[in-house]
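Trainee: The residues making up each chain are set out below.
Protein chains: 4
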Amino acid sequence: MSAPKTAPKKVVLAYSGGLDTSIILKWLEIEYGCEVITFTADLGQGEELEPARAKAELLGVKPENIYIEDLREEFVRDFVFPMFRANAQYEGLYLLGTSIARPLISKRLVEIAASTGADAVAHGATGKGNDQVRFELAAYALNPEIKVIAPWREWDLQSRTKLIEFAELHQIPIAKDKRGEAPFSVDANLLHTSSEGKVLEDPAIDAPDYVYQRTVHPEDAPNTPEFIEITFEKGDATAIDGVEMSPATILTKLNELGGKHGCGRLDLVEGRFVGMKSRGIYETPGGTLLLEAHRGIESITMDRGAMHLKDELMPKYAELIYNGFWFSPEREMLQAAIDLSQEHVTGTVRLKLYKGVARTVGRWSDHSLYSESHVTFEEDAGAYDQKDAAGFIQLQALRLKLIAMRDRRVKSLK
Amino acid sequence: MSAPKTAPKKVVLAYSGGLDTSIILKWLEIEYGCEVITFTADLGQGEELEPARAKAELLGVKPENIYIEDLREEFVRDFVFPMFRANAQYEGLYLLGTSIARPLISKRLVEIAASTGADAVAHGATGKGNDQVRFELAAYALNPEIKVIAPWREWDLQSRTKLIEFAELHQIPIAKDKRGEAPFSVDANLLHTSSEGKVLEDPAIDAPDYVYQRTVHPEDAPNTPEFIEITFEKGDATAIDGVEMSPATILTKLNELGGKHGCGRLDLVEGRFVGMKSRGIYETPGGTLLLEAHRGIESITMDRGAMHLKDELMPKYAELIYNGFWFSPEREMLQAAIDLSQEHVTGTVRLKLYKGVARTVGRWSDHSLYSESHVTFEEDAGAYDQKDAAGFIQLQALRLKLIAMRDRRVKSLK
Amino acid sequence: MSAPKTAPKKVVLAYSGGLDTSIILKWLEIEYGCEVITFTADLGQGEELEPARAKAELLGVKPENIYIEDLREEFVRDFVFPMFRANAQYEGLYLLGTSIARPLISKRLVEIAASTGADAVAHGATGKGNDQVRFELAAYALNPEIKVIAPWREWDLQSRTKLIEFAELHQIPIAKDKRGEAPFSVDANLLHTSSEGKVLEDPAIDAPDYVYQRTVHPEDAPNTPEFIEITFEKGDATAIDGVEMSPATILTKLNELGGKHGCGRLDLVEGRFVGMKSRGIYETPGGTLLLEAHRGIESITMDRGAMHLKDELMPKYAELIYNGFWFSPEREMLQAAIDLSQEHVTGTVRLKLYKGVARTVGRWSDHSLYSESHVTFEEDAGAYDQKDAAGFIQLQALRLKLIAMRDRRVKSLK
Amino acid sequence: MSAPKTAPKKVVLAYSGGLDTSIILKWLEIEYGCEVITFTADLGQGEELEPARAKAELLGVKPENIYIEDLREEFVRDFVFPMFRANAQYEGLYLLGTSIARPLISKRLVEIAASTGADAVAHGATGKGNDQVRFELAAYALNPEIKVIAPWREWDLQSRTKLIEFAELHQIPIAKDKRGEAPFSVDANLLHTSSEGKVLEDPAIDAPDYVYQRTVHPEDAPNTPEFIEITFEKGDATAIDGVEMSPATILTKLNELGGKHGCGRLDLVEGRFVGMKSRGIYETPGGTLLLEAHRGIESITMDRGAMHLKDELMPKYAELIYNGFWFSPEREMLQAAIDLSQEHVTGTVRLKLYKGVARTVGRWSDHSLYSESHVTFEEDAGAYDQKDAAGFIQLQALRLKLIAMRDRRVKSLK
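Those protein sequences? They're chains A, B, C and D, same order as listed.
full-length UniProt numbering puts the first sequence at residues 1 to 414.
full-length UniProt numbering puts the second sequence at residues 1 to 414.
full-length UniProt numbering puts the third sequence at residues 1 to 414.
full-length UniProt numbering puts the fourth sequence at residues 1 to 414.
For reference, chain A alone in the conformation it holds in the complex:
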């Protein structure tokens, strides 16, 4: 149950088809003399998957050892949507776009390992980041005997030069633009694109315009606002402007809308689980619209008691996902509470999109708790008896009065 001490025999590698994971592929074969199975998933990162197959084949992976899967619907339905039910934001702002994708990848790695008899899985995350933790905690939670190999923590290919040398030595093709250092590092999926490192490392300096890849600059966004309506059922988005769509289709469409209007940019310094702070540029166009609309529909359909409890639980829930504890009993407990609260979160929200802002401007629902007859400034036909408020306040005040009397008495004793 401890870290791998005996060499793995068969490894399922999370493989992007890029240079780094291709190097890992070779390194695993050389270092451990093991068979490598590649797993490449479409999580909506916006890249073709077939080149990954070709690349794997070129590197000698047997066709039956190449797994390529479109996980977009599962990703949105079983990971993104449950998380958005919680309005999860890490450190108040981050929509957890990278964090939420990792457990799904690990889940498939472990499942493929089980079905192919592999005894290990491998990933390309470094030893400084959160992703290694997320990959590995998920893998261990799903298979406590699995070995996890994190080459970046093990090998000595710590510089770009060494990596390129290794690639050349082993005939790994190197795209022209990969010879030099990338000016920053990118992770993308259907929920977000994150950029970090290199030119972004000084948090005092604005991110250069070219870092943003998925949202137009608000200055370049349309000069007239656009209004859209998002419909929810039990907390999950099901339609845009009345058109029902699958989870991944909805998120894709929201990304398009949000991206066009420059919504969802975030320049954040965050506290990593491994202990240091890092600076990231996040673009979450569709997710930003989804959060705003979800809060909007909750505002009329969810009781105050439930909502305040949810708000109190949210930071811990977000922290758990950020730290890699998706597959943990405490995340599941919180999810059970959150899911129950979504029973009536059904209805439609109208958003105004304009130059980087997505703002709720209307919401309606058959499940609404909003009662105009109670709140109205007009005659309310006895719906609410204002005199009740006097008693309410008296009893709310009682303990405060007792404190004040005590404090006065104590002062007089001195």
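Just so you know, not all the hints are guaranteed correct.
[To be verified] With a straight-line Cα cutoff of 30 Å, these simulated DSBU-like cross-link-like pairs (lysine-lysine) come out: (1) B:LYS387 with C:LYS234; (2) D:LYS26 with D:LYS253; (3) C:LYS107 with B:LYS414; (4) B:LYS234 with B:LYS62; (5) C:LYS234 with C:LYS162; (6) D:LYS162 with C:LYS387; (7) A:LYS316 with B:LYS62; (8) C:LYS411 with D:LYS10.
[Claimed, not checked] To list a few chain A residues with every Cβ distance to chain B over 12 Å, as calculated: (9) GLN213; (10) THR249; (11) GLU270.
In short, the hints are calculated from the structure, not lab data.
Built from N, CA and C at the ideal position, the CB exists for glycine as well.
Given chain A, work out where chains B, C and D should sit, using these hints.
Mentor: Using the frame of chain A, we list chains B, C and D on its own:
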């Protein structure tokens, strides 16, 4: 210690100089035969105070019974700023602009009552809203024997017609535009303007443009972004673009900047403490910039452990202020924790203002915890040993592995 | 939806058969001219129910309007056991014996009202206590149109003398020992007996021995300890010493065992929801054993992450039950989280009972997470690699080191 | 800032004078060729310290390198008492007796290192437990550059045989009874004695009687109860039976009283921070009395709002101490909140001690919030208006009614 049963003899009234509180003034004299002291405060609501003095005099209040005070600095320094140290947002979004002003008004009402020998205070809040609760809890917490009179809960002047009749009968001057119903109700102070009621009562329908009074429409905001720098010391803003200012001056300036760029509009349905949901339009231009910048400076100067605890405590803290428990031991306990966390929240944040968005794009501080040498993608000269992550993950995973092994074992028993 | 303004036509009364609720019965008929249905439930309070029937008949209630029910199994299965899954203790100590019974009584009152066409329910709780709140919140949550009548808040029979006069006037039989004042007030059900008021009102003075009714004085308990084994399945007790029993039977048996050994006495001053503090003597013999054993079985079957989350949620959960919010979305959300955590809380605990103490001295389970091979001081055959701890600690320490370095740097700047 | 890579030159060792730390002393000299300073503290563990000096001298430590200190007062005043203000219990039961001692030891190790120019500290905790984490996190938080050496994680002396061989080889005296394995492992200080390992490793089996060292068996405790009174000022115990004493003296006296009556025994399985569960036998006689009495005095002097907040914060506070984060900003934040709550926790509690139980039976205070005039069953002279409760309940119920009406409406739509 219960609700007033004997008639008050001298009442300090929170008096705006408007029609409603003028009617209350007269009504108190008639109903209770008591002496009325008026208290009018400048909390930055943007109205002249001297007309309130003239009006009070006209209604027969003795000059020595007219109290007019500029509380703007105290308001920002002792109420707004402490609250912003917490990043307080009620139900995820509302910046508590009305809630935070009430305890200060009550505090002065009670103090004036003490110095003038008054046995009661009175306010013009209705029996349906939160403000009555906030006024009264604060008053009772500060003086458990004070009587609080809330005419709207007592009298029978429930319709506009009856109010106008009462005013005419008692020679209370009625401004022309006050004869008819206002299309919505407004509360304003240096932190925000809120609008609610009447034309805003259907939460499905967008707020009409004319409701917004303090922020330009984002569409009308400047076409080029503006960059500003806000400096903080121990969690409080102290300078804009390097120019040091007093608390109220800073907030005034931020309001100007935010308002000009259309920042800080919120269309919200919220759960009132008295039980129903209501819809409000809030404009908090300066506060919106302040929150964004405060989060920005915290992001580099505040440790993750402190920040996550603060994030978990925030919803309760915001709820306490919303519900009127500013003067309560639990709010003070949370404040003590929050204030301690601000010890090093010192530094400067660069914001980009554009068409309704205020976004952090840079931040720096002598108190920064951000360590480029730890986080860098480059060679880190041994600052961080990636191998440590392996042990870290193994021990984080141990309990998850034990669960997985248990689950497997239990399954095999069945 | 506000308080009853029109007189009720048919009322379901929570009727004990005692003097007070008999007076209420008559008073309702006289005051409102309404038909009264009596509802008497066996919740394990240890009194015969048939005398209540005879009394009701004597007072003129039609036989078909007399409801007498044994709710003991439902009480324990659907209320007590779910609550004990949470290890709920109000203000750290109180096992909520009275609080948990109220929602069930209200539920049946509302159901009987629905089936008999009654438009109101009535209870005998006073206006000073928590029970009125619990009865009424539950009733309103289950039927928002129901009227609730609380005679103690309405009538003028505030003194013992007046009550006796009313009873005599209306030929309500008065037991000899009820003519004078009871020396304290008692509430009892299968979970506990509470005593308060009168001779107990000075919290500085020990409760007289005669107050305790359900547990022997520890000094009189057996001089030799008794060991018992309680078996749990998914968090609920299912057997004692290997003998399976129904929920109510188990609690009855545990009461017997706990009572015999003087376990479960509590002398508490607590904060009431209505604002003042009160002093109560609680005897919860079986519940005390149950809590101890439940914690014992959780200690080996529940993961640390789940347990710590549960511990953090508990005070709020207990507060909700104490305050009468059993039927609320937030209690149900917490219950969903708690129930999920009990999936593997299956196994057996050995308790030692002796002179007022019930202490876990052994526990075992097929679902145990305790791994002797990991924890052992002996050779662990590689189950745990102590070197992992070095990396674990380094990364846990990283943020603390960064703080220390920052603090030192800041100090040097001054 | 990472783990020690260069050999330390001078090491301050937490030295008990026992065999294990004597072996460590020698091993450090041999392994690193470094100078060793011994630090032996009296934390109330009940052992003479002078033998440790003699032993250190015998092993060749220079007299000026031997530090022996009585830290009992500092321990209780600055660590135990602040923790008891929180009523801290880990996993509901454990009074954190070992956890709270570690940060103080580390603090002195780091201070001695600073004053002697040592570059490292060393401790005798193993790689499986929590103590290594507590020692090291505290050390790093206080001096981020310090090296920490944990021989048990580094050396290969993993068996008793090897340890004895090493000791013999290096002329380290071995007490006769230390040749064999101890039947369990013990840690003790003024707050508690903990025993774990070996004969205690099977949590199904009762701890043998001989494990308990500090409390008499309840069966052997006096047959008559003893009543004591503990006085508190601002949350800290200051006197027993009216006699004022220093913090350490009070705890010593309470230990005596609790031990004599068999109070404070706990047989617990707990979740370690490093991931596995362990079983411990804890004896905390004085602490058990202190917790009971502290809750007792809080019950009359602390407002419900403050108390419930404290109860919600407690599990996290206890977890932080258990996990070794005493010197962390989040523990300090919680402490600030807790300390503020203790302002009026002043008064006296009467405890009954008998056969293992310590139970509050009376409490009084000039700072009491208990108001007999409000709570009384008798005529209250208008202190409390029962009619207020009607309005209170109506507004508490409003949201529940709105939910019920919504649910009914939604059901009818289907």
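Trainee: None of the hints should be skipped; say for each whether it holds.
Mentor: Hints, verified against the model:
no.	hint	verdict
1	B:LYS387 with C:LYS234	violated, 40 Å
2	D:LYS26 with D:LYS253	violated, 38 Å
3	C:LYS107 with B:LYS414	violated, 38 Å
4	B:LYS234 with B:LYS62	violated, 45 Å
5	C:LYS234 with C:LYS162	violated, 52 Å
6	D:LYS162 with C:LYS387	holds, 19 Å
7	A:LYS316 with B:LYS62	violated, 57 Å
8	C:LYS411 with D:LYS10	holds, 27 Å
9	GLN213	holds, 17 Å
10	THR249	holds, 26 Å
11	GLU270	violated, 7 Å
The structure does not agree with the numbered hints 1, 2, 3, 4, 5, 7 and 11 stated previously, though it agrees with the rest.
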